[in-house]
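Position chain Z relative to chain E; hints supplied.
Protein chains: 2
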Amino acid sequence: MKFNRTLRALEWVGARDGFLRIVDQTRLPQELRFVQLHDVEEVREAIVSLKIRGAPAIGVAAAFGVVLGMRQARYHTAADALAHLERIVHLLRTSRPTAVNLFHALERMYRVGKEAITAPDFNPLANDLVPRLLAEAQAIWEEDRRLCRAIAEQGAVLIQDGMGILTHCNTGALATSDYGTALGVLFMAHEQGRRFTVYATETRPLWQGARLTTFELRLRGIETVLLCDNAAGWLMRQGKIHLVLVGADRIAANGDTANKVGTYSLAALAQVHGIPFYVAAPTTSFDLNASDGTAIPIEQRSPLEVTKPFGLTIAPDGIAVENPAFDITPAQWITGIITERGIVQPVEARTIAACLGSQSPRGE
Amino acid sequence: MKFNRTLRALEWVGARDGFLRIVDQTRLPQELRFVQLHDVEEVREAIVSLKIRGAPAIGVAAAFGVVLGMRQARYHTAADALAHLERIVHLLRTSRPTAVNLFHALERMYRVGKEAITAPDFNPLANDLVPRLLAEAQAIWEEDRRLCRAIAEQGAVLIQDGMGILTHCNTGALATSDYGTALGVLFMAHEQGRRFTVYATETRPLWQGARLTTFELRLRGIETVLLCDNAAGWLMRQGKIHLVLVGADRIAANGDTANKVGTYSLAALAQVHGIPFYVAAPTTSFDLNASDGTAIPIEQRSPLEVTKPFGLTIAPDGIAVENPAFDITPAQWITGIITERGIVQPVEARTIAACLGSQSPRGE
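Keeping their order, the protein sequence lines are chains E and Z. All residue numbers for the first sequence refer to my numbering, where the first residue is 1 and numbers rise by one. All residue numbers for the second sequence refer to my numbering, where the first residue is 1 and numbers rise by one.
So here's chain E without its partners, still in its complex pose:
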């Protein structure tokens, strides 16, 4: 398989009559298959089925989903247009519950759409709404790309030669508009010439670590070792892990962090072994409406992901299953949160508020 190093999880192709092109991540690593999404239902399905996944990427995909939805919609009055917009936003809002980037992106799209629709000069027949929505979605996409690079620059200083860095799930180019969050930090450190080993957990049930993270790391020539999730503690014990670095799906005001299930266990194990544990995420992953982790809803996914992964039967039919897609790592186990504005450390409500309150990048 050959491909460009600048792997793009999702990209808008063409102008207002274009489409959203995504990598079907359920087919990796065997096949790099691109899929074209032409309507909002296809975008929703791609998010639900994890063809596209990763908190930043699903936010961006949903933004383009609003564009596609409103392009399909037929309306003759501003009221109709607004009703369509609300229906489309609702459709996308209910695709996945945990990652907050989805809601932030949809709020932004809704605000722009509503502003246009409720403007005195809105002409429902001119259909100039789609270009405005497309411009906003493109802006969200561009902003996410810029955020990734800024996070990577902030975090790369933590990575030293010879380190073993444990990561979980996938937080690279495939999880974002470009480059990634936690993996982006590692890409940047590697580009800066540092040499280290990344230990990638396989990340059951859907193997984002085995399928996607190893794929991305190898693409960039970074030394990679794959392990089963349950071997992480033992590798820590043997002194092979010097840093744990993960992404986030939502961060509460106090720093409690929702991320892929298994993150909680890794943070506890890092704590036991005295290993620094960092989260890398854009400030758009914070949810100040959630005062702590208990306010973050955790998606329970199908038992079949556990019992019949990719069609392979590994458990008796009908067995009860716990399959939370995420868990919540308490703030006190997190050494620091790497954002585009700087590293929040120690992780607590005060330092988070200070970071989010700062206007310019890097807390200047």
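Just so you know, the hints here were simulated from the structure itself, not pulled from any lab data. Certain hints may be false.
Claimed, not checked - Where chain Z lies over chain E, by a calculated footprint (3+ residues, C-beta under 8 Å):
1. 195-204
2. 207-215
3. 222-230
4. 234-248
5. 269-283
6. 306-320
Here the structure is a predicted model, which is why all the values come from computation and not from measurement. All C-beta atoms, glycine included, are put in the ideal place defined by N, C-alpha and C.
Leaving out everything else, chain Z in the frame of chain E:
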């Protein structure tokens, strides 16, 4: 699928011209397939390929392997017979490195064989060696069955109504001659009328928990919930787990315990959450020659178990893999070790020596 509740992982069928019948555990849960082993090479292969697994069961299988090997062997002198015995024992000793029951069983078979061969009245042509070896292997099998029941009786008192009990890998009838160690404790508590929920980790890479433990628990009507290994910490956090109960492949003189990879992480997590962590194992699983866990060799198994489980490709070809089959849980994280002679608690060299030194069952 229908089968008797008294599922037997392995059993000798017939007299001295009989064979060892095992369940091919790589086919479960889809198919309950019995396999007949007629020679020592087949026994070795069944152990290496995990058709038969579980520390007590591979010890017993190896004992019958010696019987089959010596039945095949052609010798005309005592020296020849002894050379064959040594070759066969060596062949089986090198099948798997971590579980000590294998070595204990082989030592016992070797002692009996050597005693017969070196006796003044040994007649190499009479071939009365095989019946003696078969009697010893049968005795080891019977003893393991008795040990399982005694462990279950000792441990069942720990299990209370309404508990959530987390277990790892498979430690039931399939891992032993009958009934099991950690699972045996749960079977006994259930037979005594207690009602509780068992949380079974899937146990990557080979899914002994998903494939075998859920199968055995369901067979006995015990409420079972399957989870991915990496969800265990999060379930503990939510208060669903009140006890962790696992088996052992080898226990050092100080109580450090080798068991299926992932056990170390579960013990650390139990420690963090203040949850009691028990090991259930016969005294034959202790290795007093190992003063602590550092003396126990850890088997590294094929990367393909991780990257292509049961033929399903989940990672790029050729990626480096850490695949330790076992890990070592430090004694200080183990609340107690349930043996056939009683519960060793606290777990330390002194209490272990006292337990092993006691002659009669149950420490009387």
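Going through the hints against the structure:
1. 195-204: Holds, because 5 residues of the stretch 195-204 of chain E bring their Cβ atoms closer than 8 Å to Cβ atoms of chain Z.
2. 207-215: holds (count 5)
3. 222-230: Check passed, 8 qualifying residues.
4. 234-248: holds (count 3)
5. 269-283: Since three or more residues must qualify, the claim that chain Z covers the stretch 269-283 of chain E holds, with 3 doing so at under 8 Å.
6. 306-320: Since 12 is at least three, the answer is holds.
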